[in-house]
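Listed in order, the protein sequences are those of chains A and B. When you read off a place in the first sequence, starting at 1, and then add 1, the result is the number in the numbering used here. When you read off a place in the second sequence, starting at 1, and then add 1, the result is the number in the numbering used here.
One or more of the hints may lead you astray.
No copy labels: a pair is met if it fits in one copy or bridges any two.
As the list claims (entries may be wrong) - Computed cross-link-like contacts, BS3-like style, restricted to lysine-lysine with a CA-CA straight-line distance of at most 27 Å: (1) Lys361 - Lys98; (2) Lys98 - Lys76; (3) Lys50 - Lys332; (4) Lys471 - Lys287.
Think of the hints as simulated: they come from the structure by calculation, not from any bench.
2 protein chains.
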Amino acid sequence: MAAPQFSRQLSSSSHVLTPDTINHQVKQAEYAVRGEIVLRAMQHQTALKANKNHSLPFDEVIMCNIGNPQILGQKPLTFFRQVAALCEYPALLDHDKLMPEDARARARQLLAATVGGTGAYSASSGIPLILEDVAKFITDRDGHKSDPADIFLTDGASVAVQRMLRLVIRDHNDGILIPIPQYPLYSATIDMYGGAKVGYLLNEEAGWGLEIKELERSLQEAQKKGITTRALVVINPGNPTGSILQRKNMEEVIEFCHKNRLILMADEVYQDNIYYQDQPFISFKKVLREMGDKYSNFELASFHSVSKGFFGECGKRGGYMELVGMHPEVKSEVYKLASVSLCPNVIGQIIVDVMVNPPKQGDASYEQYISERDEIIASLKRRAALITDAFNKMEGVSCVPAAGAMYAFPKITLPQKAVDAARAAKREPDFFYCLALLDNAGVCVVPGSGFGQKEGTYHFRTTFLPPENKIQSVVDRMAVFHAKFMDQYR
Amino acid sequence: MAAPQFSRQLSSSSHVLTPDTINHQVKQAEYAVRGEIVLRAMQHQTALKANKNHSLPFDEVIMCNIGNPQILGQKPLTFFRQVAALCEYPALLDHDKLMPEDARARARQLLAATVGGTGAYSASSGIPLILEDVAKFITDRDGHKSDPADIFLTDGASVAVQRMLRLVIRDHNDGILIPIPQYPLYSATIDMYGGAKVGYLLNEEAGWGLEIKELERSLQEAQKKGITTRALVVINPGNPTGSILQRKNMEEVIEFCHKNRLILMADEVYQDNIYYQDQPFISFKKVLREMGDKYSNFELASFHSVSKGFFGECGKRGGYMELVGMHPEVKSEVYKLASVSLCPNVIGQIIVDVMVNPPKQGDASYEQYISERDEIIASLKRRAALITDAFNKMEGVSCVPAAGAMYAFPKITLPQKAVDAARAAKREPDFFYCLALLDNAGVCVVPGSGFGQKEGTYHFRTTFLPPENKIQSVVDRMAVFHAKFMDQYR
Numbered sequence: 002m003a004a005p006q007f008s009r010q011l012s013s014s015s016h017v018l019t020p021d022t023i024n025h026q027v028k029q030a031e032y033a034v035r036g037e038i039v040l041r042a043m044q045h046q047t048a049l050k051a052n053k054n055h056s057l058p059f060d061e062v063i064m065c066n067i068g069n070p071q072i073l074g075q076k077p078l079t080f081f082r083q084v085a086a087l088c089e090y091p092a093l094l095d096h097d098k099l100m101p102e103d104a105r106a107r108a109r110q111l112l113a114a115t116v117g118g119t120g121a122y123s124a125s126s127g128i129p130l131i132l133e134d135v136a137k138f139i140t141d142r143d144g145h146k147s148d149p150a151d152i153f154l155t156d157g158a159s160v161a162v163q164r165m166l167r168l169v170i171r172d173h174n175d176g177i178l179i180p181i182p183q184y185p186l187y188s189a190t191i192d193m194y195g196g197a198k199v200g201y202l203l204n205e206e207a208g209w210g211l212e213i214k215e216l217e218r219s220l221q222e223a224q225k226k227g228i229t230t231r232a233l234v235v236i237n238p239g240n241p242t243g244s245i246l247q248r249k250n251m252e253e254v255i256e257f258c259h260k261n262r263l264i265l266m267a268d269e270v271y272q273d274n275i276y277y278q279d280q281p282f283i284s285f286k287k288v289l290r291e292m293g294d295k296y297s298n299f300e301l302a303s304f305h306s307v308s309k310g311f312f313g314e315c316g317k318r319g320g321y322m323e324l325v326g327m328h329p330e331v332k333s334e335v336y337k338l339a340s341v342s343l344c345p346n347v348i349g350q351i352i353v354d355v356m357v358n359p360p361k362q363g364d365a366s367y368e369q370y371i372s373e374r375d376e377i378i379a380s381l382k383r384r385a386a387l388i389t390d391a392f393n394k395m396e397g398v399s400c401v402p403a404a405g406a407m408y409a410f411p412k413i414t415l416p417q418k419a420v421d422a423a424r425a426a427k428r429e430p431d432f433f434y435c436l437a438l439l440d441n442a443g444v445c446v447v448p449g450s451g452f453g454q455k456e457g458t459y460h461f462r463t464t465f466l467p468p469e470n471k472i473q474s475v476v477d478r479m480a481v482f483h484a485k486f487m488d489q490y491r
Numbered sequence: 002m003a004a005p006q007f008s009r010q011l012s013s014s015s016h017v018l019t020p021d022t023i024n025h026q027v028k029q030a031e032y033a034v035r036g037e038i039v040l041r042a043m044q045h046q047t048a049l050k051a052n053k054n055h056s057l058p059f060d061e062v063i064m065c066n067i068g069n070p071q072i073l074g075q076k077p078l079t080f081f082r083q084v085a086a087l088c089e090y091p092a093l094l095d096h097d098k099l100m101p102e103d104a105r106a107r108a109r110q111l112l113a114a115t116v117g118g119t120g121a122y123s124a125s126s127g128i129p130l131i132l133e134d135v136a137k138f139i140t141d142r143d144g145h146k147s148d149p150a151d152i153f154l155t156d157g158a159s160v161a162v163q164r165m166l167r168l169v170i171r172d173h174n175d176g177i178l179i180p181i182p183q184y185p186l187y188s189a190t191i192d193m194y195g196g197a198k199v200g201y202l203l204n205e206e207a208g209w210g211l212e213i214k215e216l217e218r219s220l221q222e223a224q225k226k227g228i229t230t231r232a233l234v235v236i237n238p239g240n241p242t243g244s245i246l247q248r249k250n251m252e253e254v255i256e257f258c259h260k261n262r263l264i265l266m267a268d269e270v271y272q273d274n275i276y277y278q279d280q281p282f283i284s285f286k287k288v289l290r291e292m293g294d295k296y297s298n299f300e301l302a303s304f305h306s307v308s309k310g311f312f313g314e315c316g317k318r319g320g321y322m323e324l325v326g327m328h329p330e331v332k333s334e335v336y337k338l339a340s341v342s343l344c345p346n347v348i349g350q351i352i353v354d355v356m357v358n359p360p361k362q363g364d365a366s367y368e369q370y371i372s373e374r375d376e377i378i379a380s381l382k383r384r385a386a387l388i389t390d391a392f393n394k395m396e397g398v399s400c401v402p403a404a405g406a407m408y409a410f411p412k413i414t415l416p417q418k419a420v421d422a423a424r425a426a427k428r429e430p431d432f433f434y435c436l437a438l439l440d441n442a443g444v445c446v447v448p449g450s451g452f453g454q455k456e457g458t459y460h461f462r463t464t465f466l467p468p469e470n471k472i473q474s475v476v477d478r479m480a481v482f483h484a485k486f487m488d489q490y491r
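Using the sequences and the hints, build the whole thing.
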C-alpha cells in the first residue's frame, strides 16, 4: 500500500524499523477499501481544491469506496444526535423547549446509568444499562432470550471481530473460513494474526449463494494442507454482495458448523439495510434457537454496528457483539482484551443505545424518527436499483441486484487487450480498470481483487450512497467511461 | 483473571473454544488494573446497592484502581463539552445565547473541516485540521517544528501504543525494554503479541530514578538470552511512580537508544499532571531536537491522550502519537493498521482538538477555562501530598512523593506472618494485602505485582483522585485497616 503523503527524504539504511524489519504479518495484510486507489482519489481531491484551473477531466471526486453515508450528505437521525448532545453537555437539560421530552428523558436515564457521564471510562464491556437494552432488542427481534452478560460493546464492529479472531487463531495452522468475496477486515486481520485464510466461493450465478458443498470442499482442501479450521465467517446481508441468506440455507450453515466443530462468526451489521419484503433479514441467533436442543451449546458470535443501517453513524465507532454458547472463561478472556483497551468510547455506546431502543409509538420523537428512517431506506432502495440496472446495461457487465447492505459488486468482462495492458503495467486487471475509472471519471471504487473473486473473473465494489441528486450523474460518468474503455481495448 | 459474572453452567468438554484451545498468548497476558480485585470491588458495589442491610463493613467502595477522574466526581471542562455538544447537534448553533461565541466558532470550524460531521468516518489518521492543530501545539510546546504528517490520532493512547508494538514485535526473540514498575498495558500487549519483556528496574531509593547502568544491565542480560531488544518504553511523568525525568537523564536515555539502535517509545500522557514548578515536564521530542544533528534520524514515538491531565476525558477515547524519524513506509504501515479499524472516533478527535487548542486570552471562555484548570491542578496537588504524607506515617510504609501523574505507589513492608498467610492462600503477598484492604475498608487499589516490582518488595498503586471532601476519610480508612492488618500478622 502506498501512502504518498509520507515523504521519502530519509535513507532507509539508518533506520531501526524498515519495511524489511517490521512484523511481516502486518506488512502482508491488505486493506483495499482504504488502499492505493483511495489515496490517489484523495490526492485528486486535494488537487481540485487547490487549483480551479486543474487538468483533471472532472470537477469532483465521488467516493464510492466505503460505506460512509454521512460523508455523502445523508443526514443523521435527529433523535440520536439530540441524545448525544444532551449527554455531552447536560446543562442543556435545563432548557425546557430546546429538545423533545423523550430525548431529554433518555439522556437523563443514560446519565443516571453512566457514573461520571461521557467523560469516564465505563465498565470494560460497556455500560450495564446499555447492555440490557441491547439484550432486550435482540430478545424482541428474535423472540428468544438474550442475556446482557453475553453482550460486549465495542468501538465499532471491527474491534469485536478482531477480538474474536485473536482468541481463535493460535498459529498458522489455524484456519478461518471466509467468503470469497469478503470484506477485507477479515483477510487483513487473519494475515496480521498469522492464521490461515480458508476461502469459500459464493456462487455468483445463484445470486451469490452460499453453498454447503463449497464449504465442504474448502474445508477438506484446508485439512489436506494440515490446517485446523476453527471458525466460519458469514456476512449477512452480504458485503460486498448485497445478498441475503434464507432461513433454510442458514440452518444448513449451522448444521455444517456443528458437524465440523466450527465457531460461527455472523457479521450482521447490515441487518437494517433490507430493501425487499420477500427477502427479510433473519438473525443466526433466531435460526439457531429454533433448531432445537441439539444445538444448545453451539458457539456463535454475532456482530452489529451503528455505522450502517439507516443511521450510518460511522464516525461514532459504536458496535457490539453477542457471544452465545461460549465457555465462561473464554468470555473472561474477551473481557480482559476489552480491559486492556479500557472501554469502548462512551458516546459510541450511547448511540448503540438509541439504535437498539429508538423512540416508540406515542413518544414525542416517534413520527420524526419513522419518517427519517423510511425516507432513507426508500432512497437507498431506489439508488440500489438504479445502479444495478445501469450496470446491467453496460457492455460486458452483469450485476446481481442488491437486496440488502450498501454495495453493488458488478462483474466486468474485460477485453483481452485490457488484461494484457494491465499485466504490462504490473497491475491486476480489475485494479487497472478502477484506476482508469478514477482518473477519467472521478469515481472511486474498490477492485474486486481487494475482496477476493473467482479466478479469471473481475469485479469492483461500489456503494450506492451518492445522494439522489447526484447518483444519476455518477452512473452516467461510469457508463461513458466504460464505453470508452471497452472501445480503447476492444 | 476471574470474571464471576459469567455463569459456569456449561460443561467445557463440548466447546470448540476453551481456556486450553484459545490463543495462549492472550491467556498469558495480565491486566491487573481491571483484574480480579476490581471485579470483586464491583461485586461489593452491587451488593451495597441491592441491600441496605448488607454485612459489609463499609457503605461505599472507593475505586482507586484506575485514573478515571470523572467517575469520582471531577467535572468536565465546560468549553470541551460545549464544543462537543455543538458538533453533535449543529442545530444548537442557531441559538445565539446558548453557548459562548468561541465555542460556537470552534464548532463551526471543526464541522467545516469534517466532511460529514461526527457521523462520518474521517481519514484513517484523523481529521486534517486536527492533525494540524496537534502539530502546532507540539511546535509551540517544544519550540521545534512538528509536522502534521507525523501525527496519528487514535482511540486513546493505548491503541497507539499497541500499533507501534505490533510493528516492532516480530517474534519471541524481539524484546521491548519496559520499566519496573510499568503500566500493564505494555506487559499485556507484549505478551499478547508474543514478544519478550525486557524489564529495567527504576531505583525507588532515588525517587524512582531511571539509571542508564540498569538499562545496560538489562539489555545485556536479554542479549545473552538471544533476545534482540528493539525499543525502549519510558513513561514520563511516571505511571505508577508519579516521578518526572530531568533533562540530563533524558539526554542519556536518547544517547542509550541511539547507541543500541532502539526505538524510543515515550508515554507522555501525564504531561499536564505536573504539580511542582521545579520539576517541569519536558518532552523527549524537545530534548532530542536540542541534542543536535547527530540524532536527526532518531526514531521516536510519543503518545498523548485526552484521558489524563486536568481534563480527564477518559470516556472519549481520544489520543494521538507523533512519529518522528520513522521510515516513510513504516508510517504507511501504521496508516494501514489505522485503516483496518477505519478511523478513531470523531468526538474523541474533537476533544483532542480542544485539548491542544484551548481558549486563548481574550476568548469568551478563557477565564472560565483557566479557573477550571487551575482549580483541578491545585486540588490534585493537595491530594497527592495528603495521601503521600499519610502513607509515610503508616508503620512499615514508605512512599516517594508524586511530582506528577495521578498515582502514589507506596512500598509496604509486610510482616513475615502476612507473607506466610498469603502463600498459604496461594496469593502474592501484595495481592493478599490489597484484597484485605478492599474487603475490610472498601478501598480498591491495585497490587504492585500488577505493575512489576523488585523481588522481595511489595507495593500497591492508588490514584489520588477521590474528591477533596472524601479523600481524608479514604486515607483514614486505609490507615485504620493498615494498623489492624499489621497487628494481626505481627
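Going through the hints against the structure:
1. Lys361 - Lys98: Answer is within; shortest intra-copy Cα gap is 20 Å, inter-copy 32 Å.
2. Lys98 - Lys76: both (22 Å within a copy, 25 Å between copies)
3. Lys50 - Lys332: Cα proximity of Lys50 and Lys332: across copies only (25 Å, versus 49 Å in one copy).
4. Lys471 - Lys287: Neither: 39 Å inside a copy, 49 Å across copies.
This entry does not satisfy hint 4, going by the numbered hints stated previously; all others are met.
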